[in-house]
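Peer 1: Now for the letters of each chain:
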Amino acid sequence: MPELIFDLSRKGRCAHAQLPPNTLQNATDIPAELLRVQPAALPEVSELQAVRHFTRLSQLNFSIDTHFYPLGSCTMKYNPRGVHKAAQLPGFLQRHPLAPESHSQGYMACAYELQEILKSVTGMRAVSLTPMAGAQGEFTGVAMIRAYHHARHDRARTEMLVPDAAHGTNPATAAQCGYTVREIPTDADGNVNIDALRAAVGPQTAGIMLTNPSTLGVFEQKIKEIAAILHDVGGLLYYDGANLNAILGKVRPGDMGFDVMHINLHKTFATPHGGGGPGSGPVAAGERLAAFLPTPMVGKSATGYEWLTAKACPQTIGRLSTFMGNAGILLRAHFYARLLGAAGMQRVAEFATLNANYMLKRLTAAGFNAAFPKRRASHEFIITLKKEAKEYHISALDVAKRLLDAGMHAPTMYFPLLVPECLLIEPTETETREVLDAFVATMILILKEMQTQPDKIKQAPQYLPVSRLDEVAAAREPEVVAGQEVIEHA
Amino acid sequence: MSSVPKKLQYSKTHEWVREDEDIVTIGITDHAQCMLGDLVYVELPEVEAGFEIGEECAVLESVKAAADVFCPVSGEVVEINTLLLDHPQLINEDPYGRGWLFRLRPFEKERPELLDAEEYNKQVASEAH
Amino acid sequence: MPFIPHTQQDVAEMLSVIGVDSIDVLFDEIPADLRISGLRDIPPALNEMALLRLAATRAEQDSGKLCFIGAGAYEHHIPAAVWEVATRGEFMTAYTPYQAEASQGTLQVLYEYQTMMARLMAMNVSNASLYDGASALAEAILMAMRLDKKNKIHRIVLPTNLHPHYRDTVHAIVRQRDTELLAIPFDAHSGKITVEMLEKMMPDTFTAFVIPQPNFFGVLEDIDTLTDWAHARGARVIAVVNPLAMALLKPPGQWGKKGADMACGEGQPLGVPLASGGPYYGFLCCRTEDIRQLPGRIAGRTRDTHGRNGFVLTLQAREQHIRRARATSNICTNQGLLVTASTIYMSIMGATGLRDVALTCHANARLLRDKLKAVAGIRCYFESAYFHEFLVQLNCPVDGVLTQLHKKNIQPGLATKTYYPELGECLLVCVTETKTPADIDYFIQQLICAM
Chain A
1 MPELIFDLSR KGRCAHAQLP PNTLQNATDI PAELLRVQPA ALPEVSELQA
51 VRHFTRLSQL NFSIDTHFYP LGSCTMKYNP RGVHKAAQLP GFLQRHPLAP
101 ESHSQGYMAC AYELQEILKS VTGMRAVSLT PMAGAQGEFT GVAMIRAYHH
151 ARHDRARTEM LVPDAAHGTN PATAAQCGYT VREIPTDADG NVNIDALRAA
201 VGPQTAGIML TNPSTLGVFE QKIKEIAAIL HDVGGLLYYD GANLNAILGK
251 VRPGDMGFDV MHINLHKTFA TPHGGGGPGS GPVAAGERLA AFLPTPMVGK
301 SATGYEWLTA KACPQTIGRL STFMGNAGIL LRAHFYARLL GAAGMQRVAE
351 FATLNANYML KRLTAAGFNA AFPKRRASHE FIITLKKEAK EYHISALDVA
401 KRLLDAGMHA PTMYFPLLVP ECLLIEPTET ETREVLDAFV ATMILILKEM
451 QTQPDKIKQA PQYLPVSRLD EVAAAREPEV VAGQEVIEHA
Chain B
1001 MSSVPKKLQY SKTHEWVRED EDIVTIGITD HAQCMLGDLV YVELPEVEAG
1051 FEIGEECAVL ESVKAAADVF CPVSGEVVEI NTLLLDHPQL INEDPYGRGW
1101 LFRLRPFEKE RPELLDAEEY NKQVASEAH
Chain C
2001 MPFIPHTQQD VAEMLSVIGV DSIDVLFDEI PADLRISGLR DIPPALNEMA
2051 LLRLAATRAE QDSGKLCFIG AGAYEHHIPA AVWEVATRGE FMTAYTPYQA
2101 EASQGTLQVL YEYQTMMARL MAMNVSNASL YDGASALAEA ILMAMRLDKK
2151 NKIHRIVLPT NLHPHYRDTV HAIVRQRDTE LLAIPFDAHS GKITVEMLEK
2201 MMPDTFTAFV IPQPNFFGVL EDIDTLTDWA HARGARVIAV VNPLAMALLK
2251 PPGQWGKKGA DMACGEGQPL GVPLASGGPY YGFLCCRTED IRQLPGRIAG
2301 RTRDTHGRNG FVLTLQAREQ HIRRARATSN ICTNQGLLVT ASTIYMSIMG
2351 ATGLRDVALT CHANARLLRD KLKAVAGIRC YFESAYFHEF LVQLNCPVDG
2401 VLTQLHKKNI QPGLATKTYY PELGECLLVC VTETKTPADI DYFIQQLICA
2451 M
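Those protein sequences? They're chains A, B and C, same order as listed.
In terms of the working numbering, the first sequence is numbered consecutively and its last residue is 490.
In terms of the working numbering, the second sequence is numbered consecutively and its last residue is 1129.
In terms of the working numbering, the third sequence is numbered consecutively and its last residue is 2451.
Hints in this document: simulated from the structure, not taken from any laboratory.
The structure displayed is predicted, hence computed values, not measured ones.
Hints are supplied without guarantee of correctness; some may be wrong.
For the chain C half of the interface with chain B, some residues (derived, Cβ under 10 Å), not all of them [unchecked claim]:
no.	residue
1	2149
2	2151
3	2152
4	2177
5	2179
6	2181
7	2317
8	2323
9	2326
10	2327
A virtual CB, placed ideally from N, CA and C, is assigned to each residue, including glycine.
Please put together the full structure from these sequences, using the hints given.
Peer 2: Put into structure tokens, the structure is as follows:
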């Protein structure tokens, strides 16, 4: 591993070209007790040292630009450079979030059009772009459901239903909104168990949080029945948009009976993941919930675009970010949608599904076990290595690490929690058949190695900057900042 | 096969209970520590806290999992195993000995809901399917 | 077909492997009555050339303004190298570093970021970032509530000179729980929170006290006194600070006798462009002993099987994908790309550079403030110490002045009437190192014309 940037530091070195024309030595008009005494121990390096250090660090990463990245549930598709370039234009980067509307019509036009596009894609009545990530979108949706029940003076609804296969964010969100979480089991084919659902609903039910296609990679066929069960008892339906890529332009959550949903723009709309963020999770709502959407939103009048704030939306659940969400990501999503058009968006779902079903077929033909062999794949599918774990003592983790050695990012592992030793594989529509074939060939090779050279798998990765890392030591005695002894005290 | 000492009593949620006169000692079973993997952090109840049967009374964390400990006996906490705060691995190494979690002064004398070693073994075997 | 590489031959062969005769068949598990034939009201597809032209037209509409607005987002010079390196595909198109061995670049950046932020705040530890400043404060408050095992009802003290958008966000996020948010008014003369006011208004026990530095009006609070006052009452102190200002001002870890318990805020001033309000990032630092209640991702240093140094995401058992309904937060995003840019920014600027930027901002603010005070019909509302932002009151309606200056492509500041009608015709003005003396003179001259 490269040195830490702090190890490159030498006292008195700095990047001179970056210094402002400072004319003050000290802020004498600020009382001394409010001033910092000792400077923070930040690195003192030249501009070149910084550029070289961080460029080298970047080279230690796998990324979409460098590697196949079939990480299930994350939709790691190509992030178009043209879209990025458009969003980085100076006029967009320089706009202050509180600039007057008269100085903001360019940005607001893009945001307004994105709202309209997302309304069409989701089949919903209104959209708010402000939630800053999928999990915040979920929070928004559940807070809106809560506000809806409260507005009807219905305070008896204390339970949120969540299928046992759901993303961990679903129960975490429901709890954060003050709901008790009730898990609904999944049946053998990967559908929500309808009998269990019927038994669980009642006047205490606030709603249900569902992903469709589910995290198991299959389409929930009885979705209209589920919607009716919930609506009959006065509950509402939340759609987790994590898997929207599978159905873009094919079927719409609004038509399925959902009342509110979020869209992960960093998945379906190809905005970059940035090593864990920024994301963006706009929320779309149907008739029942549109009035509760968070502000600000963009409206359009005869004179131009205008901000809709609490004044125009009296029932709003309020504000979720300092300004108006991750605007730069919203611009990228808008530009991506403009490149695709209606037909292009439909093709996203078609080819994502084609790629997933092709890989599923080839891997099962090679001897791997599908978690739901009777079902079609959506845009992703699950392989379970339960048999291999038993026969060869090779785990899903081992296979994941061996794939890294082969120059491929591992699929999502051990999620969903229901399926033992699972790999959740999502190839996305932007990969060529050759790449899919190469992945399958590697998996076949690994299957052979399980029998002939299991150590090669167990010791993987061997060709990366580090081998397997001691996560237990890291968690027992966390070292999360360098050289804590140098932190100054008052 | 994990070890299940004959002299202890067990809960369905994988806690063990040892009776010593008017105090009971509580920990998690060998099977439970095996399922959790290497423990990295333990959150113990406060001394003098009271718990009902089945109430969450401690949290165990491994790298990949977090598990609640459910109080197998109702009572008032009289002592906690502070050694675990710095050495959670004791639970992995010696679950029935140095890896004990806390001691209670029980509210009740009878423990009809607890299992003996044989019954607990059967339960573990049934969960494997 | 944008971004879809399949040839006709690929499609035919892949379908034959699957054993179906069209892509449409792959959707046969979706009930027929739900399927739609196409999307309506979507603008026609553009190629990249046409898209860039459209984008340039839109961007041009909003560009070329002279901006004196601050209010939580600040225009600073960003060294060209920062975003050149941060937007390398290897950083920009990677995911959350779940496969640590294939993500050492991102993980080491996060570790270096956590170190820099902890040092800048003089706090023990930092997480790998949250969404933005306002949501970071909401998370800090939720964290304080988890740490407070003493009080059954959690009372949180939020002064009214905290950014109104932060207060709104906290309300929207925290009010989903049983808690009391107490608004404490600021002193009308100084613009600060005073102990006299606190003594008069505060209950005996409360969970946390939020102290902004600088506050929304740009005024500097008496942080030592306030921190000690809250600590003496058994409450935790949450500092909400401008991180750039901390290169010049006393950092939260050194406030009062014991230091603030948490420090959070908006990371934008450290290398992130204004960009219409996001993506930015929120930071959150705390004491070592509270780390297991710290929400969000955290990178940690460890060793590999050969004993070499390496980095992992650590303390994951706190998080939603393991603890589900009992997680510390539902957050699974850190603003990785923004943190990468910020880490490069802090490395290039160093402590000296950051302090120089902060001092230049302050010097420019002083210059503009002095010149504004000399204009007839303008007065400075608070005569207190400030950093790079301050409130002025006009003797005429602010809206009219704004309209005229907007026509000249000047954004003279933020009208505060919507938030604080009681302050009258006021404007919150900010100056950073990006403004020259000529910019400042032009501003004054145009303002006088407009009045």
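Peer 1: Each of the hints needs a verdict: does it hold here or not?
Peer 2: Do the hints match the structure? See the list:
1. Against a cut-off of 10 Å between C-beta atoms, the interface hint on residue 2149 of chain C holds, since the closest Cβ of chain B lies about 8 Å away.
2. Nearest Cβ of chain B to the Cβ of residue 2151 of chain C: about 15 Å, over the 10 Å cut. The hint is violated.
3. Because the smallest distance between the Cβ of residue 2152 of chain C and any Cβ of chain B comes to about 15 Å, over 10 Å, the interface hint for this residue is violated.
4. The closest approach between the C-beta of residue 2177 of chain C and any C-beta of chain B is roughly 19 Å, which is over the 10 Å cut-off, so the hint fails.
5. Taking 10 Å as the C-beta contact cut-off toward chain B, the hint placing residue 2179 of chain C at the interface is violated, the least distance being around 22 Å.
6. With a least beta-carbon distance of about 28 Å to chain B, the hint placing residue 2181 of chain C at the interface is violated under the 10 Å criterion.
7. Below 10 Å, beta-carbon pairs count as interface contacts, and residue 2317 of chain C has one with chain B at about 4 Å; its hint therefore holds.
8. The beta carbon of residue 2323 of chain C comes within 5 Å of a beta carbon in chain B, closer than 10 Å, and the hint placing it at the interface holds.
9. The interface hint given for residue 2326 of chain C is met, as the beta carbon of that residue sits about 7 Å from the closest beta carbon of chain B, less than 10 Å.
10. A least Cβ separation of about 9 Å between residue 2327 of chain C and chain B falls short of the 10 Å threshold, and the interface hint therefore holds.
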